[in-house]
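Line order of the protein sequences matches chains A and B. Take the first sequence: its letters are residues 1 to 371, numbered as in UniProt numbering. Take the second sequence: its letters are residues 1 to 371, numbered as in UniProt numbering.
Read the hints as simulated data drawn from the structure, not as lab findings. Treat the hints with caution; some may be incorrect.
Note that the list lumps identical chains together, so a pair holds whenever it fits in one copy or between two copies.
What the hints assert, rightly or not - Computed list of lysine-lysine pairs in BS3-like fashion (alpha-carbon distance at most 25 Å, straight line):
| # | residue 1 | residue 2 |
| --- | --- | --- |
| 1 | K173 | K219 |
| 2 | K23 | K58 |
| 3 | K97 | K242 |
| 4 | K23 | K50 |
| 5 | K8 | K38 |
| 6 | K240 | K104 |
| 7 | K289 | K35 |
| 8 | K289 | K58 |
| 9 | K173 | K319 |
| 10 | K50 | K8 |
| 11 | K23 | K8 |
| 12 | K218 | K173 |
| 13 | K35 | K8 |
| 14 | K289 | K319 |
| 15 | K114 | K240 |
| 16 | K38 | K173 |
| 17 | K219 | K346 |
| 18 | K319 | K346 |
Number of protein chains: 2
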Amino acid sequence: MTLEELRKQIDEIDDGILELFLKRMACAKQVAEVKRQKGLPIFNETRELKILDDVCRKAGEYGGQARILYANLMAMSREAQHSALGSGTELRQAVLKASRFPNKPRSVACLGEKGSYSHEALSRLYPEAEPVFFPDFPSIFAAVENGRADLGVLPVENSSAGSVNEVYDLILKYRFSIVSAISLSVRHCLASRETELHEIQTVYSHPQALRQCAGYLKKRGVSSAECSSTAGAAKLAAGKRKTAALCSEHAAAQYGLNILDRNVQDSDGNRTRFIAIGQNLLIPPQANKISLCFAVPHRTGTLYTVLARFAASGLNLTKIESRPIPGRNFEYDFYLDFSGSVADPKTLDLLCALSEELTRFSFLGNYSELE
Amino acid sequence: MTLEELRKQIDEIDDGILELFLKRMACAKQVAEVKRQKGLPIFNETRELKILDDVCRKAGEYGGQARILYANLMAMSREAQHSALGSGTELRQAVLKASRFPNKPRSVACLGEKGSYSHEALSRLYPEAEPVFFPDFPSIFAAVENGRADLGVLPVENSSAGSVNEVYDLILKYRFSIVSAISLSVRHCLASRETELHEIQTVYSHPQALRQCAGYLKKRGVSSAECSSTAGAAKLAAGKRKTAALCSEHAAAQYGLNILDRNVQDSDGNRTRFIAIGQNLLIPPQANKISLCFAVPHRTGTLYTVLARFAASGLNLTKIESRPIPGRNFEYDFYLDFSGSVADPKTLDLLCALSEELTRFSFLGNYSELE
Numbered sequence: 001m002t003l004e005e006l007r008k009q010i011d012e013i014d015d016g017i018l019e020l021f022l023k024r025m026a027c028a029k030q031v032a033e034v035k036r037q038k039g040l041p042i043f044n045e046t047r048e049l050k051i052l053d054d055v056c057r058k059a060g061e062y063g064g065q066a067r068i069l070y071a072n073l074m075a076m077s078r079e080a081q082h083s084a085l086g087s088g089t090e091l092r093q094a095v096l097k098a099s100r101f102p103n104k105p106r107s108v109a110c111l112g113e114k115g116s117y118s119h120e121a122l123s124r125l126y127p128e129a130e131p132v133f134f135p136d137f138p139s140i141f142a143a144v145e146n147g148r149a150d151l152g153v154l155p156v157e158n159s160s161a162g163s164v165n166e167v168y169d170l171i172l173k174y175r176f177s178i179v180s181a182i183s184l185s186v187r188h189c190l191a192s193r194e195t196e197l198h199e200i201q202t203v204y205s206h207p208q209a210l211r212q213c214a215g216y217l218k219k220r221g222v223s224s225a226e227c228s229s230t231a232g233a234a235k236l237a238a239g240k241r242k243t244a245a246l247c248s249e250h251a252a253a254q255y256g257l258n259i260l261d262r263n264v265q266d267s268d269g270n271r272t273r274f275i276a277i278g279q280n281l282l283i284p285p286q287a288n289k290i291s292l293c294f295a296v297p298h299r300t301g302t303l304y305t306v307l308a309r310f311a312a313s314g315l316n317l318t319k320i321e322s323r324p325i326p327g328r329n330f331e332y333d334f335y336l337d338f339s340g341s342v343a344d345p346k347t348l349d350l351l352c353a354l355s356e357e358l359t360r361f362s363f364l365g366n367y368s369e370l371e
Numbered sequence: 001m002t003l004e005e006l007r008k009q010i011d012e013i014d015d016g017i018l019e020l021f022l023k024r025m026a027c028a029k030q031v032a033e034v035k036r037q038k039g040l041p042i043f044n045e046t047r048e049l050k051i052l053d054d055v056c057r058k059a060g061e062y063g064g065q066a067r068i069l070y071a072n073l074m075a076m077s078r079e080a081q082h083s084a085l086g087s088g089t090e091l092r093q094a095v096l097k098a099s100r101f102p103n104k105p106r107s108v109a110c111l112g113e114k115g116s117y118s119h120e121a122l123s124r125l126y127p128e129a130e131p132v133f134f135p136d137f138p139s140i141f142a143a144v145e146n147g148r149a150d151l152g153v154l155p156v157e158n159s160s161a162g163s164v165n166e167v168y169d170l171i172l173k174y175r176f177s178i179v180s181a182i183s184l185s186v187r188h189c190l191a192s193r194e195t196e197l198h199e200i201q202t203v204y205s206h207p208q209a210l211r212q213c214a215g216y217l218k219k220r221g222v223s224s225a226e227c228s229s230t231a232g233a234a235k236l237a238a239g240k241r242k243t244a245a246l247c248s249e250h251a252a253a254q255y256g257l258n259i260l261d262r263n264v265q266d267s268d269g270n271r272t273r274f275i276a277i278g279q280n281l282l283i284p285p286q287a288n289k290i291s292l293c294f295a296v297p298h299r300t301g302t303l304y305t306v307l308a309r310f311a312a313s314g315l316n317l318t319k320i321e322s323r324p325i326p327g328r329n330f331e332y333d334f335y336l337d338f339s340g341s342v343a344d345p346k347t348l349d350l351l352c353a354l355s356e357e358l359t360r361f362s363f364l365g366n367y368s369e370l371e
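If we strip away everything but chain A, and leave its shape as in the complex, we get (with noise of 0.2 Å):
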């Protein structure tokens, strides 16, 4: 046969195959309201397991293709189900009940210390708030439970203060929501009391900057010194003579420095992500990310159904992230954003029938970023 004819007979079997796809979707409608008239549950994993493993048997050589085939099939029957049921009645009135307004903090809690990198973060997403510095993750979380602080900001990518775990972890324990997030750039410039490039014998900074910049100082031939952060390093050089702080434009502003040489670092797009985090679930209605997190047992494939049901949505992941449960061998949590906002019903009935099958299903928020 040719390629055109190969061509249209594969179009024949396309056809065919939607078309008993779409039947099976009107059935699945039916099976819905079925359930629905005699109270059963929509997922019936005997019976699911079953056909999986009699459509594996049947397909031959084709049998672990088949099987994903039909996972994704029974999948999306089972979304259809959902829908037509309203599953997720605790998550639908949550997202209801929340806040649509932005809310003015007055006060927000921070990571590290004035003109840190999480203060640029902070002042940016909140101009008019007063930033109160904590040294740790979990400081913070307690700042805004006890009423210290309205929200809390905290780096979550490329940071050095400690694990992006540590906040989901923290998340969780405080049942907080992400209320909005910024993305910034990690410029480092140099900065210093004195005015002139040639007068600088030392230059301070976090070590992980000095590596970032190593090039750079070598070509200027200055010697290096660590500091506990970049911020601490601004604070040092403001009070000594020919030396110099690698920190941010912010850092520099904070304690009075000249700025002599500006995007130091060997290279460029280094970009660290900043979550704020509430006791109340906020969505303003310019929301546009979504987090989730939940666990999928270890069976193959399971992760890979729940992804198609965001791509059949039309929905794009901006992050993936897998981990470990601990003490749990071989059963993983997954940190998930993606772009979308629950005031869309699709959106959020995807997201009402995944609360009701994942099991340690959480919906962290929906939020705008900003970049």
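Start from chain A and add chain B according to the hints.
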């Protein structure tokens, strides 16, 4: 209709879909043969996108679902074609030429200092090798490249010494491979030159370890002081009376300290994963873990169709992480670990197919991981 009648109807539909699916796969094989004869590429993006758009339109309210279903069918069809054609020659050759024998490295580069958790990982992986210590990731790669060390050991999770991204960037930059891995529980002990707990007044450690043991220290009523590492704390405590360090037992042994208390961290379950990297691809016979890196274009469902293919081959993901590609909006690199071995022809076929289809595809290694 009753549930039983509906299910019978669904079963019949499923039989029909399976029949058509198997016909489609048979056509795909014939397409592969025609393409081989004519030297045509397997992936025909224009045709695939047109089919997806058509099917999406025809499926009405289930357009999104139908699109995913067909993206999946076409990916499986490509898979069958790649397999029939033996695609991915470059990767196939590299795997064939890889050494099968675990090497006995004489010296291994290691992050940090004597007694660090990295040092412990190295000692467990290569008990007979001489450790050589370096302060950062780039120095370790340089040492392996210039032959000062045969291999390098680096932490790739929960690490405060640098980011996982940095490790992956360096592996790709140097074109190194992952040759082994180990996962260590992070367990701190209280170690001192003193022999009695009540003599301790000050406890040294890295800020992260101090936080991890904050509850314990509070209960004991001792003051704490920060050091740059847990091993550094052990060294310090060895030289000063009435002090102790929070460090690993390995570090305590390195500095001849008495272990006054064990497992003093507030919660268990923290593990750090370490990998060993080398210049050459080494695939030991018992290798059971594969690491990959690749980019997918920002089109809905692209990641998902790749994961579907892993699932169809029965391969279980053990780790997935996304990372925005610097300078390119909405394009992502993915880092994946999954259980498997390239000695399995089906697994190798899948990787070879992906190596042809995905941009920025890198096979990082096939190794075994100690617990």
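Each hint tested on the structure:
Taking the shortest alpha-carbon separations for K173 and K219, only the inter-copy value of 22 Å comes in at or below 25 Å, while the best intra-copy value is 48 Å. Taking CA atoms no more than 25 Å apart as the test, K23 paired with K58 passes in both settings, with 22 Å inside one copy and 13 Å between copies. In the homo-oligomer, the alpha carbons of K97 and K242 never lie at most 25 Å apart, since the shortest distance is 57 Å inside one protomer and 56 Å across protomers. In this assembly of identical chains, K23 and K50 lie within 25 Å of each other by CA distance both inside one copy and across copies; the values are 21 Å within and 23 Å between.
Taking the shortest Cα distances, K8 and K38 sit within 25 Å of each other only across copies (18 Å), while inside one copy they are farther apart (45 Å). Neither within a single protomer nor between protomers do K240 and K104 lie at most 25 Å apart by alpha-carbon distance, with minima of 39 Å and 51 Å respectively. In this assembly of identical chains, the alpha carbons of K289 and K35 never lie at most 25 Å apart, being 33 Å within a copy and 43 Å across copies at closest. For the identical chains of this complex, K289 and K58 are neighbours neither inside a copy (42 Å) nor across copies (30 Å), given an alpha-carbon limit of 25 Å.
In the homo-oligomer, the alpha carbons of K173 and K319 lie at most 25 Å apart both inside one protomer (22 Å) and across protomers (24 Å), since each shortest distance falls under that limit. In this homomeric assembly, K50 and K8 come within 25 Å of each other (Cα to Cα) only across copies, at 14 Å, whereas the closest approach inside a single copy is 34 Å. Taking the closest pair of Cα atoms, K23 and K8 come within 25 Å of each other both inside a single copy (23 Å) and across two copies (13 Å). With identical chains, the CA atoms of K218 and K173 are at most 25 Å apart between copies only, with a shortest distance of 21 Å across copies and 45 Å within one.
In the homo-oligomer, the alpha carbons of K35 and K8 lie at most 25 Å apart only across protomers (16 Å), although the nearest pairing inside one protomer, at 41 Å, exceeds that limit. Taking the shortest Cα distances, K289 and K319 sit within 25 Å of each other both inside one copy (11 Å) and across copies (23 Å). Within a single copy, K114 and K240 get their C-alpha atoms as close as 19 Å, which meets the 25 Å cut-off; across copies the closest is 34 Å, which misses it. Proximity of K38 and K173 under a CA criterion of 25 Å is satisfied in neither setting, with 37 Å inside one chain copy and 61 Å between copies.
For a Cα distance limit of 25 Å, the shortest separation of K219 from K346 qualifies neither inside one copy, at 56 Å, nor across copies, at 51 Å. For the homomeric pair K319 and K346, the shortest alpha-carbon distance inside one copy (21 Å) is at most 25 Å, but the shortest distance between copies (29 Å) is not.
Checked against the numbered hints given earlier, the structure breaks hints 3, 6, 7, 8, 16 and 17 and satisfies all the rest.
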